[in-house]
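Number of protein chains: 2
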Amino acid sequence: MHVELATHGDSGRGGRRAVLARALRDAVSSGRLPPGTRLPPYRSLAADLGMARNAVADAYAELVAEGWLTARQGSGTRVAERAAAPPAPDPPPSPAPRPAFDLRQGLPHTGSFPRTSWLAASRRALTSAPNDAFGPGDPRGRIELRRALARYLARARGVRTSPERIVVCSGVGGALRLLATVAQVRSAPVAVEAYGLPHHRRILTAAGLPTVPLPVDGRGADTAGLGASGAASVLLTPAHQFPTGVALHPDRRAAAVAWARSVGALVFEDDYDGEFRYDRQPVGAVQGLDPERVVYLGSASKSLSPALRLGWMALPAHLVDVVVAAKGEREQTVSALDQLTLADFIESGRYDRHLRGMRQRYRRRRDQLAAVLAEKAPHVEVTGIAAGLHAVLRLPPGTEGAVARAAAFQGLALEALTDFRHPAASGDTPGDGLVVGYAAPPDSAFTASLAALCQVLPAP
Amino acid sequence: MHVELATHGDSGRGGRRAVLARALRDAVSSGRLPPGTRLPPYRSLAADLGMARNAVADAYAELVAEGWLTARQGSGTRVAERAAAPPAPDPPPSPAPRPAFDLRQGLPHTGSFPRTSWLAASRRALTSAPNDAFGPGDPRGRIELRRALARYLARARGVRTSPERIVVCSGVGGALRLLATVAQVRSAPVAVEAYGLPHHRRILTAAGLPTVPLPVDGRGADTAGLGASGAASVLLTPAHQFPTGVALHPDRRAAAVAWARSVGALVFEDDYDGEFRYDRQPVGAVQGLDPERVVYLGSASKSLSPALRLGWMALPAHLVDVVVAAKGEREQTVSALDQLTLADFIESGRYDRHLRGMRQRYRRRRDQLAAVLAEKAPHVEVTGIAAGLHAVLRLPPGTEGAVARAAAFQGLALEALTDFRHPAASGDTPGDGLVVGYAAPPDSAFTASLAALCQVLPAP
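Chain order of the listed sequences is Y and B. When we follow numbering that gives the first Met the number 0, the leftmost residue of the first sequence carries the number 0, and every step to the right adds one. When we follow numbering that gives the first Met the number 0, the leftmost residue of the second sequence carries the number 0, and every step to the right adds one.
Hints in this document: simulated from the structure, not taken from any laboratory. Small disclaimer: the values here were computed from a predicted structure and weren't measured. Beta carbons are placed, not taken as given, at the ideal position from N, Cα and C, and that holds for glycine. There may be inaccurate statements among the hints.
[Claimed, not checked] Label-pair ranges, simulated between beta-carbon atoms:
1) B:Ala182 / Y:Ala401: 37 to 45 angstroms
2) Y:Ala458 / B:Arg31: 57 to 65 angstroms
3) Y:Gly426 / B:Gly14: 41 to 49 angstroms
[As the list claims (entries may be wrong)] Chain Y stretches covered by chain B per the calculated footprint, using a threshold of three residues with CB under 8 angstroms from any CB of chain B:
4) 111-122
5) 247-261
[Claimed, not checked] Not close to chain Y: a few residues of chain B, all C-beta gaps over 12 angstroms, as computed:
6) Ser74
7) Ala415
8) Thr446
9) Leu456
Construct all of the structure, not just a fragment, from the sequences and the given hints.
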């Protein structure tokens with residue numbers, strides 16, 4: 000096996016390990032190392048490359064965790080079968096190339112999924128479920144989960160609701176798809192934050208709903224502009240504006256609710272990472288201010304895993320029947336087994352415990368990010384880090400594109416602030432910036448990811 | 000001001016702060032603390048409650064951030080003006096009344112869900128899954144499941160495909176929703192069987208696609224009429240026409256494929272209960288005749304449970320990218336954990352074993368149904384029972400409505416043949432009938448359900 004290590008600029012053990020991992024990944028994904036190929040023992044490869052044994056072992060372990068390699072007792076480390084090129088006669092699918100360093104926002108730390116306690120919850124849930132749990136599903140969702148959520152959301156997020164007002168859905172995106180069918184919502188455009196998830200805007204647009212941007216500043220979305228927006232609803236991220244990272248100012252929370260009351264509009268509150276606040280007490284949900292005007296939207300995508308496709312809405316009373324009717328006579332998408340498992344997971348206290356652990360883990364990563372930047376790039380302002388799983392790094396005007404290209408060239412995946420900008424947004428606030436997610440990398444790659452980030456930041 | 004702190008179980012500072020915050024929120028939202036009320040300085044409240052000052056200050060700050068309280072220099076902390084009274088409690092929801100006897104089609108026997116072996120598969124799947132299984136999902140579905148399905152479908156249903164051509168989706172309904180977005184399909188109406196699932200027709204109609212009915216007779220859908228239909232695609236149930244229960248005649252299978260080839264059309268093969276055939280060898284999938292013209296659609300809804308919301312398509316090569324693009328960049332609806340579990344369930348042989356057991360169980364029920372009817376209502380013709388989970392009972396012309404009403408009066412849920420008729424269907428074949436599902440009732444209620452059925456059948 001021949002592996003070329005282009006070690007330019009990567010000094011130190013972490014750097015060379017990362018370079019080796021990248022070279023192995025390329026060799027496997029390109030087919031140069033075919034499935035089943037046995038890799039040399041790490042001792043001999045380390046000797047060949049003049050690297051520390053541990054660094055080679057770490058690189059192997061990383062690729063095993065990612066699924067490129069398999070390590071079986073007695074048969075050594077091999078290229079995984081799943082890394083194979085597709086058999087003829089299919090044209091090869093085009094898998095997105097895996098970045099060497101992944102600092103994209105929106106991804107949780109997949110290595111932290113609580114496999115053991117989830118399985119325990121699953122066992123209890125499946126064992127005790129009534130038979131009807133295996134029949135066609137209630138479109139509102141399983142009552143066990145709606146009960147657990149009503150209690151949890153009241154306790155943890157200050158949401159005022161009841162199991163009868165909760166509707167389970169496929170993530171927050173699934174909630175928006177359903178809300179976009181409501182006549183009241185369809186009567187006018189949806190106001191959205193000028194910076195926000197393009198995915199959510201696309202869902203609304205695909206449903207035939209125009210969106211109008213609300214400016215975002217240091218106090219969050221400027222909800223004072225709602226009256227002039229002509230909108231019948233507004234999508235907000237009050238706990239931690241996405242992506243700029245500020246909490247919606249109390250006056251603006253009040254203004255959004257007052258507007259909704261005065262014109263009979265709706266507020267959609269995307270509480271996308273309300274559970275991950277580090278520096279002060281949690282900011283409760285806006286929904287608590289007026290449960291008849293605010294639809295609370297949440298999901299397990301950040302707190303547990305986006306692979307579950309589990310989300311929920313706490314609805315005003317007058318919308319429950321409308322939204323349930325939009326779902327149809329039976330549940331179409333959400334797995335009842337996952338619903339039952341999550342209900343047990345919450346009620347048994349495992350969910351809180353998991354969140355506490357993740358908060359600590361993410362907080363350490365955030366602190367490490369801040370410390371590295373303070374040392375290596377003290378001229379770069381870091382914002383939005385009181386909560387959530389990402390930071391916003393402010394850049395000098397006009398530099399964002401160059402930095403993003405440099406990152407792509409380095410195999411460093413991250414996003415620019417502009418990627419989240421509404422096409423019709425006016426003004427130049429908040430300006431150039433990078434959106435740096437710090438949750439996704441495996442522990443073994445985090446430090447190297449930060450080093451790669453520092454390399455692409457502009458000089459002072 | 001009086002604040003009651005129910006501190007049961009909440010020890011420690013964070014706990015008492017949270018309890019105080021909740022108590023304050025309740026007091027404000029219920030109106031016990033009216034807008035404008037000045038709160039005591041946190042020092043004195045802390046002394047009153049025997050709490051740390053910081054904990055009280057934190058609770059105040061939390062409610063200010065949420066908009067319940069306002070803190071203004073010089074005027075202390077007050078209840079915000081806009082914090083309104085809570086909504087009236089919900090009216091109890093009206094659950095659909097559960098029928099005394101349930102002989103509706105389309106429902107499996109929920110008591111037979113293989114809880115223990117599903118859990119075992121789940122344990123193995125979750126334990127061995129790579130970390131990326133807990134990240135955003137590939138819109139094609141997990142490779143583990145697509146591999147398992149490709150092998151299983153080839154072996155059990157004669158489907159010719161590969162993991163790269165399989166796309167996982169939310170049941171057959173989810174597959175139709177995706178296929179309805181394909182430009183080729185949208186270019187013309189979809190031909191459907193004159194008798195079929197209204198739910199599937201509604202999905203196509205809701206997607207803006209008109210449907211045209213193909214007559215159904217004793218050899219299945221009359222595919223010879225496809226040439227004149229003006230359709231660009233046809234939805235068929237070849238293994239067991241739904242609901243009449245006949246297998247599509249070989250000549251008609253060939254005609255459907257020949258039509259698709261000659262005009263570049265597509266056949267959607269809904270193999271909705273291809274696994275449950277009792278009286279002769281299974282009828283293989285039409286897809287095997289031409290994998291480039293036939294889209295095979297299957298699901299776990301009948302074979303395991305509709306609560307899983309797991310379905311799949313085996314696609315012609317030229318449709319794979321189009322359908323994956325329609326799903327979006329990431330999986331939106333299907334649980335990755337259920338996918339991994341089903342993959343293990345299939346690969347470990349548990350799926351085949353479960354199907355064998357269910358085939359025996361359903362066959363016994365079918366035989367019991369036939370025997371009871373032969374004894375109590377020998378004048379009623381029973382058809383469509385070589386496969387599937389339902390029978391069709393032929394009725395004298397004009398009696399269907401009266402029988403259905405009598406059944407409803409008895410608390411017996413079942414459907415009339417006319418319920419499945421396309422609104423534009425012509426002719427009077429197959430005439431009046433009842434569609435009697437025999438899978439759903441619990442064992443203890445099956446005999447009584449059959450007795451209730453006999454009571455509502457017309458006299459000879």
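*State whether the coverage of the segment 111-122 of chain Y by chain B holds or is violated, taking the criterion as 3 or more residues with Cβ-Cβ distances under 8 angstroms.*
holds (count 6)
*Examine the segment 247-261 of chain Y: at least three residues should have C-beta closer than 8 angstroms to a C-beta of chain B.*
Contact hint for the segment 247-261 of chain Y vs chain B: holds, 5 residues under 8 angstroms.
*Evaluate the condition: distance from the CB of Leu456 (chain B) to the nearest CB of chain Y exceeds 12 angstroms.*
Answer for Leu456 (chain B): holds, closest chain Y Cβ roughly 26 angstroms.
*Does the hinted range 57 to 65 angstroms hold for Ala458 (chain Y) and Arg31 (chain B) at CB?*
holds, 59 angstroms
*Could you see if the CB distance from Ala182 (chain B) to Ala401 (chain Y) stays within 37 to 45 angstroms?*
Since Ala182 (chain B) and Ala401 (chain Y) have Cβ atoms about 38 angstroms apart, the given range 37 to 45 angstroms holds.
*Taking the CB of Gly426 (chain Y) and the CB of Gly14 (chain B), does the distance hold inside 41 to 49 angstroms?*
holds, 44 angstroms
_No chain Y beta carbon within 12 angstroms of Thr446 (chain B)'s_ = holds, 18 angstroms
*With d taken as the least Cβ-Cβ distance between Ser74 (chain B) and chain Y, does d exceed 12 angstroms?*
The assertion about Ser74 (chain B) holds, with a minimum of 15 angstroms to chain Y.
_Distal placement of Ala415 (chain B) relative to chain Y, Cβ over 12 angstroms_ = holds, 18 angstroms
Going down the numbered hints, you'll see the structure goes against none, and every one checks out.
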